[in-house]
Amino acid sequence: MADLTANRTSASRAGAENPIVRFFKRYGWGYAFVLPSLITFSVFTLIPVVWAFIISLQNYRLNGDSTWVGFENYRLAFTTQSGVFKIAIRNTLLYTVFAVATNLFVGLVLSSLMQPLGKWAQTFFRAAYYLPTVVSAVIIGVIWRWIYNAQWGFLNYVVGLFGIPPQRWIASPDLALQSIIAQRMLTVPATAIVLFSAAMASVPKELYEAAALDGAGAIRQWWSITLPLIKSTTLFLVVLYTIASFEVFDLIQVMVPSGVGNSTQVIVTQIYQTGFQQYRYGVAAAEAFILFLMIAAAAAVQFRLLRSDVEY
Amino acid sequence: MAVTLDRPGGPVAPVVRDSTTQQRIGRIVAWVLLIGAALLALFPLYWLFVSALTPTQEVVKTPPDFFPVNASIENFRKLFAQAKDYPRWFANSLLITLSITFFHVFVDTLAGYGFAKKEFPGKGFLFAILLSTLMIPPQVTLVPLYIVTRNLNLLNNPLAVILQGTANVLGVFLMRQYIQTLPRELEDAARVDGCSELGVFWRVILPLSRPAMGALAIFTFVRHWNDYIWPLITLTKSANYTLPVGVASLQAEFQTDYGIIFAGAALAALPIIVFFLLFQRAFLEGVRMGAVKG
Chain A
1 MADLTANRTS ASRAGAENPI VRFFKRYGWG YAFVLPSLIT FSVFTLIPVV
51 WAFIISLQNY RLNGDSTWVG FENYRLAFTT QSGVFKIAIR NTLLYTVFAV
101 ATNLFVGLVL SSLMQPLGKW AQTFFRAAYY LPTVVSAVII GVIWRWIYNA
151 QWGFLNYVVG LFGIPPQRWI ASPDLALQSI IAQRMLTVPA TAIVLFSAAM
201 ASVPKELYEA AALDGAGAIR QWWSITLPLI KSTTLFLVVL YTIASFEVFD
251 LIQVMVPSGV GNSTQVIVTQ IYQTGFQQYR YGVAAAEAFI LFLMIAAAAA
301 VQFRLLRSDV EY
Chain B
1001 MAVTLDRPGG PVAPVVRDST TQQRIGRIVA WVLLIGAALL ALFPLYWLFV
1051 SALTPTQEVV KTPPDFFPVN ASIENFRKLF AQAKDYPRWF ANSLLITLSI
1101 TFFHVFVDTL AGYGFAKKEF PGKGFLFAIL LSTLMIPPQV TLVPLYIVTR
1151 NLNLLNNPLA VILQGTANVL GVFLMRQYIQ TLPRELEDAA RVDGCSELGV
1201 FWRVILPLSR PAMGALAIFT FVRHWNDYIW PLITLTKSAN YTLPVGVASL
1251 QAEFQTDYGI IFAGAALAAL PIIVFFLLFQ RAFLEGVRMG AVKG
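If you read the sequences in order, they're chains A and B. According to my numbering, the first sequence holds residues 1 to 312 in order. According to my numbering, the second sequence holds residues 1001 to 1294 in order.
Hints are computed from structural coordinates only; laboratory data are not their basis. Note that the Cβ used here is the ideal one computed from N, Cα and C, for glycine as well. Mixed in with the good hints, there may be bad ones.
[Claimed, not checked] Restraint-style ranges between C-beta atoms, simulated for each label pair:
(1) A:A210 to B:T1062: 56 to 64 Å
(2) B:A1128 to A:K25: 21 to 29 Å
(3) A:K119 to B:T1062: 39 to 47 Å
(4) A:D65 to B:Y1046: 54 to 62 Å
(5) A:P173 to B:A1091: 38 to 46 Å
(6) A:F53 to B:K1237: 29 to 37 Å
(7) A:F53 to B:A1071: 13 to 21 Å
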């Protein structure tokens, strides 16, 4: 922002007698309107991001004698604590692949099925699917921890009906990660449904009528008209759900605070533990930047893959 | 929770009216799937309320009761007797969330107007910077913000949570998108009539932006009401907790006294559920606005 101001003043100095006054008369209100949000944005996002990167290059100490260590923290992230961070990355990727694939598929199917319904029924289903989403992930985590309870949990009652012996689910190192992924897969993807529904509703009706005249059945219409025309929404949702999965924390922290050995560690639980339980600030900052890089890389790949044939 | 089968033959799109057997089967399958998904979505919450209304000694039995046959408010009484800070958590959450919401509705509308309707050098550049940081995960700023908060002695102060909550710029985009659609003639007419710049904003833009501001308020409120990791890091004394941090702490404190935990979680879920049901339309509108681009 500093050099922008410099450019502006030098450019307007070529003008008449009091260019600064004129400049502010002309543009002052524009700056005034955006200034408050630029200030909070700079103080609470922009500067902290830059500072976080600096911390990630330091052996940061709260008392002030921090030392520069280059990219050592990025190496330490992977090598210390017997490589938990590697497990965390693997778990996060597994969680993301299953969560995004299932959520998108279920969201697409449910919103397609809702499409021919009347307005009232559509509103009802959208609200029913969305309701759990407004409840804090902490509360959802408390509930699922109870459903997965090894002794009294609802799930053990259900599998018992099929003659399967009770399992320890999230308390078992072998089942914990699967249970957590299953929880996400069983969550009805409300945002996807709302956005898919909106996108499907905006597909011009004439296209379907024309296709019907040509003898195309419902499934053929869905495949050749609906799917291609909602592709930008699909892309947006894939990126949105991928980012959310990469950043998963609340649910896992509440369901399995211990991490069951290390079997349910994900990237953000690692950042939390490294930074705020072990107070290794530099390494925690490095881990956060690794997460950032992963998100950027995933988004770039997804844009490539899904954009390539979206031209219409 | 009683999800009734809403008139299966209800208002269905005209295309599939004259149904063959195949189409009828297809419709039944669709309804079964949709209702099944609704039950799946709502069951966990239902189960929470059933469990919260069931005394602990009843809740730990097999098979479980599907309805609160022995309903009692014993768990809630125990919650308030033993988790003394619970009302404070609620008050803390309310104070923090309302402050953040007021801030965003006001400041984001100002900025949205500036970016939508005003011309000034560097506008595109500034907007691009805002936009680009949306991709940065919020976890990146945790460490530096924690260090500042600590150095400023703001740990355990609601101000720490409120200030951090003002950082989000999503609202600026929502408001900019909405205000862009307002016709310029109205502003110009107001200026001709002698309105000052602030007057134009106050008398023309604000009233016209009310629907978007409402959606933004609801959206912001729910989002920050549920915030967890930042309050968890900065609020370490029970009296200062927000509701999510407090509810999570019940699990550690009361271990197997499940009744208290469920009562605490159910009571925390209730207001936001009521809130959603009241403002459902505006809320889903907000979800859509957040995604539909320019």
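Hint check:
{"no.": "1", "hint": "A:A210 to B:T1062: 56 to 64 Å", "result": "holds (58 Å)"}
{"no.": "2", "hint": "B:A1128 to A:K25: 21 to 29 Å", "result": "holds (26 Å)"}
{"no.": "3", "hint": "A:K119 to B:T1062: 39 to 47 Å", "result": "holds (43 Å)"}
{"no.": "4", "hint": "A:D65 to B:Y1046: 54 to 62 Å", "result": "holds (56 Å)"}
{"no.": "5", "hint": "A:P173 to B:A1091: 38 to 46 Å", "result": "holds (40 Å)"}
{"no.": "6", "hint": "A:F53 to B:K1237: 29 to 37 Å", "result": "holds (32 Å)"}
{"no.": "7", "hint": "A:F53 to B:A1071: 13 to 21 Å", "result": "violated (55 Å)"}
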